[in-house]
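2 protein chains.
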Amino acid sequence: MSGKQVVNIGIIGLGSRTETLLFSILQMSDVKIAAICDLKQERIDKILEILSGKVDTPGVYRNYRELLDDPEVEAVFIPTSWNSHLQIARDSMKKGKYAAIEVGGASSIEELWQLVHASEETRVSCMMLENCCYGRDELLVLNMVRQGLFGELIYCECGYEHYLGKEMAEEYLSGLERCRHNLRRNGDLYLTHGLGPVAKILNINRGNRFLSVSSHATKARGFSLAVKKHANMEGVRFNEGDIITTIIRCANGENITITHGVSLPRPYTRNCRIQGTNGIWLENAGGIYIEGISPCVEKRDPSGSISETHEWSPVESFYEKYDHPIWKKYKDKVASGRRGYDILTIEAFIDSVRNRTETPINVYDCAAWMSITTLSEQSVALGGAPVPCPDFTNGKWIYTAAKNTSFWSLDEVK
Amino acid sequence: MSGKQVVNIGIIGLGSRTETLLFSILQMSDVKIAAICDLKQERIDKILEILSGKVDTPGVYRNYRELLDDPEVEAVFIPTSWNSHLQIARDSMKKGKYAAIEVGGASSIEELWQLVHASEETRVSCMMLENCCYGRDELLVLNMVRQGLFGELIYCECGYEHYLGKEMAEEYLSGLERCRHNLRRNGDLYLTHGLGPVAKILNINRGNRFLSVSSHATKARGFSLAVKKHANMEGVRFNEGDIITTIIRCANGENITITHGVSLPRPYTRNCRIQGTNGIWLENAGGIYIEGISPCVEKRDPSGSISETHEWSPVESFYEKYDHPIWKKYKDKVASGRRGYDILTIEAFIDSVRNRTETPINVYDCAAWMSITTLSEQSVALGGAPVPCPDFTNGKWIYTAAKNTSFWSLDEVK
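Line by line, the protein sequences are chains A and Z.
So the first sequence is numbered by this note's numbering: it starts at 1 and just counts up by one.
So the second sequence is numbered by this note's numbering: it starts at 1 and just counts up by one.
Some hints here could point you the wrong way.
The list treats identical chains as interchangeable, and a pair is accepted whether it falls inside one copy or across any two copies.
[As the list claims (entries may be wrong)] Listed next, the in silico EDC-like pairs over lysine to aspartate or glutamate satisfying Cα-Cα at most 20 Å (straight line):
#, residue 1, residue 2
1, K299, E74
2, K4, D45
3, K229, E291
4, K4, E152
5, K396, E308
6, K4, E121
7, K228, E152
8, K219, E152
9, K166, E152
Keep in mind that the hints were calculated from the coordinates and are not lab data.
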């Protein structure tokens, strides 16, 4: 239908995320599911049932190394656990296959170096499927930043604030991975939904880089209360602080503040703020202020002194003029919300596999973003003392221009 | 008119803040301006002109020590510069006179110890006139917190984000104090508008205290651009980073994140966030979420998974039921906005003088709040490393109950 060459993929790990990925993949005529893999037969059966009648039956594996040896498979999706996907991605690249991993943070700096080395040795790419990089507002602001409307960038905020009390109580009973991490660790465990788009906007690994991390945890109360309320179990203690505040210092003098909060009841936000010398986007206010465009009223108070009052413009008021070309190109064919982001993300990965080019989110991005979780834990353990960020590019960030490598180069999407 | 005994005050420092203070003081029939003092004759003349025909002519002094020796003066207002008001407040207390200082940060920890010692030696109180402690929303949330609606408090944010580009360009030309501090220092120079109300809500110095400070500065660009634009001078460099992010760790396990930003164009905010195990106020969203009161909708997405969507209630929807008694008591007689806050603040100070009681914002509050500026500078200088907060109460915070000493004790205002 699209006239593009079909890309043969394998999927390793057939949990619930695979089902939502399939929702998007099955809409794409240029992708063939050549092989699937899981340790558990019931998961394999469930996915085969979903695929039945829609596509040719894929090869089935229980051992992911055997799937990686399947010559038909060109690229693998790896929606497995936080503790296994980096190792599988490394092994995939070593077999010459592009790897798509899900979001999450690393457990050690070492597993990220292994990922980087595998990609450098084989010249095969690893992409995190961070769909929030393809959010409409994130792309809008990136486009406006590239056009100079925000001036020189100075400061950013982002985060993941999403109350998961009920979910965590269920996961406590079923022993699911995410809950175990929250029980044992203390740091920003889930930050790429916010940090990914911000890192792209700040050109991280392309003329800029993360320098240091300082991270701060509050006491932990929320999940204990949720487990008591929803699972009727008293006295369960989580190590993860309710709110984790992390500050990243960047080479070009910008700071990024990240807030992680999933255990206290509140409305959802990714807490985005992008601020430069000429403008600011504040997700929580639903507004953008651009000097010279947004309202600025001069007021005189009763005592006679003059002050300026600056007012937000609604984010939506910029859509028509500044929607990103990627969003404009795809908006007619994608559904709204998360699945829309998913399709843009997966298409970007598949296009890179087909063309044997670097993925727009590359192995250095994966390493830099995921390392912040590990570094956050370290800094929390040190009472908030800053810890240094490794340079996973070994100096290549100094010479890499944003324009030539980023998906968001405006030239590329014309 | 009020039937209360008149309190005789002196005013030291007759700049523009004195004019706005007089706007409130002249409405109060139980306050007599007994003496005024300034180094400059033109300022004295200006204030005398404002007072002329309204009140009896006060005693006039050029040397503040002479005003402090005036036996008629019971208490002094000290709206002088950041570098002089702490010394004058110390000397006032040593002469047995209550001292009211303006907002601002300290330059050293030592000048705060001197302030504390003067108060402890004479049993005379020093109050910072932090009018934002008397803001309607701040008092509303304090009242709701005291009634348990927020659950156990976990995390707070506050700040001062107010674009002062034009003002700073003018001050650069006239050599005004605030500009000089921004030229030379790098830390959170102006934080009590946000931190004062938060400290009251968290019962700082009354069963809780500030433990450590970690502070982070971005590069400095905004004021340099403002001076170029508004004063036509190129290449003026300010040391103050455009955005300062400061995290305070508290003894009871809460963290406070403070944002200072006065050099980049944007709408005004004090950036308040008060979050507990059962609810959150977020000023920038204009909303409060309280579990069990605010909307929570269960949604099923196309793949069948269930998620909860929590929605903000407008702050205004809580006014009728939860407005603080202080606000209810005063709202009919005060004007709206800042001057309304001013009257509440000044009346609290005057009442304490009349009754010879501790001021609701006392010398320990002044020292703790103002020390954060100094500690922020230290931490910025150390690349964000946490620095410890002195305990200005020397352990008294452990034994001081919030109920017995705070202005906001609900019993007191009935």
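Hints versus structure:
Within a single copy, K299 and E74 get their C-alpha atoms no closer than 64 Å, and across copies no closer than 37 Å, so neither meets the 20 Å cut-off. For the homomeric pair K4 and D45, neither the shortest alpha-carbon distance inside one copy (30 Å) nor that between copies (84 Å) is at most 20 Å. For the identical chains of this complex, K229 and E291 are inter-copy neighbours only, at 13 Å across copies versus 48 Å inside a copy, given an alpha-carbon limit of 20 Å. In this assembly of identical chains, K4 and E152 lie within 20 Å of each other by CA distance neither inside one copy nor across copies; the values are 39 Å within and 57 Å between.
With identical chains, the CA atoms of K396 and E308 are never at most 20 Å apart, being 45 Å at best within one copy and 44 Å at best between copies. In this assembly of identical chains, K4 and E121 lie within 20 Å of each other by CA distance neither inside one copy nor across copies; the values are 29 Å within and 84 Å between. In this homomeric assembly, K228 and E152 come within 20 Å of each other (Cα to Cα) only across copies, at 16 Å, whereas the closest approach inside a single copy is 48 Å. With identical chains, the CA atoms of K219 and E152 are at most 20 Å apart between copies only, with a shortest distance of 11 Å across copies and 37 Å within one.
For the identical chains of this complex, K166 and E152 are inter-copy neighbours only, at 19 Å across copies versus 42 Å inside a copy, given an alpha-carbon limit of 20 Å.
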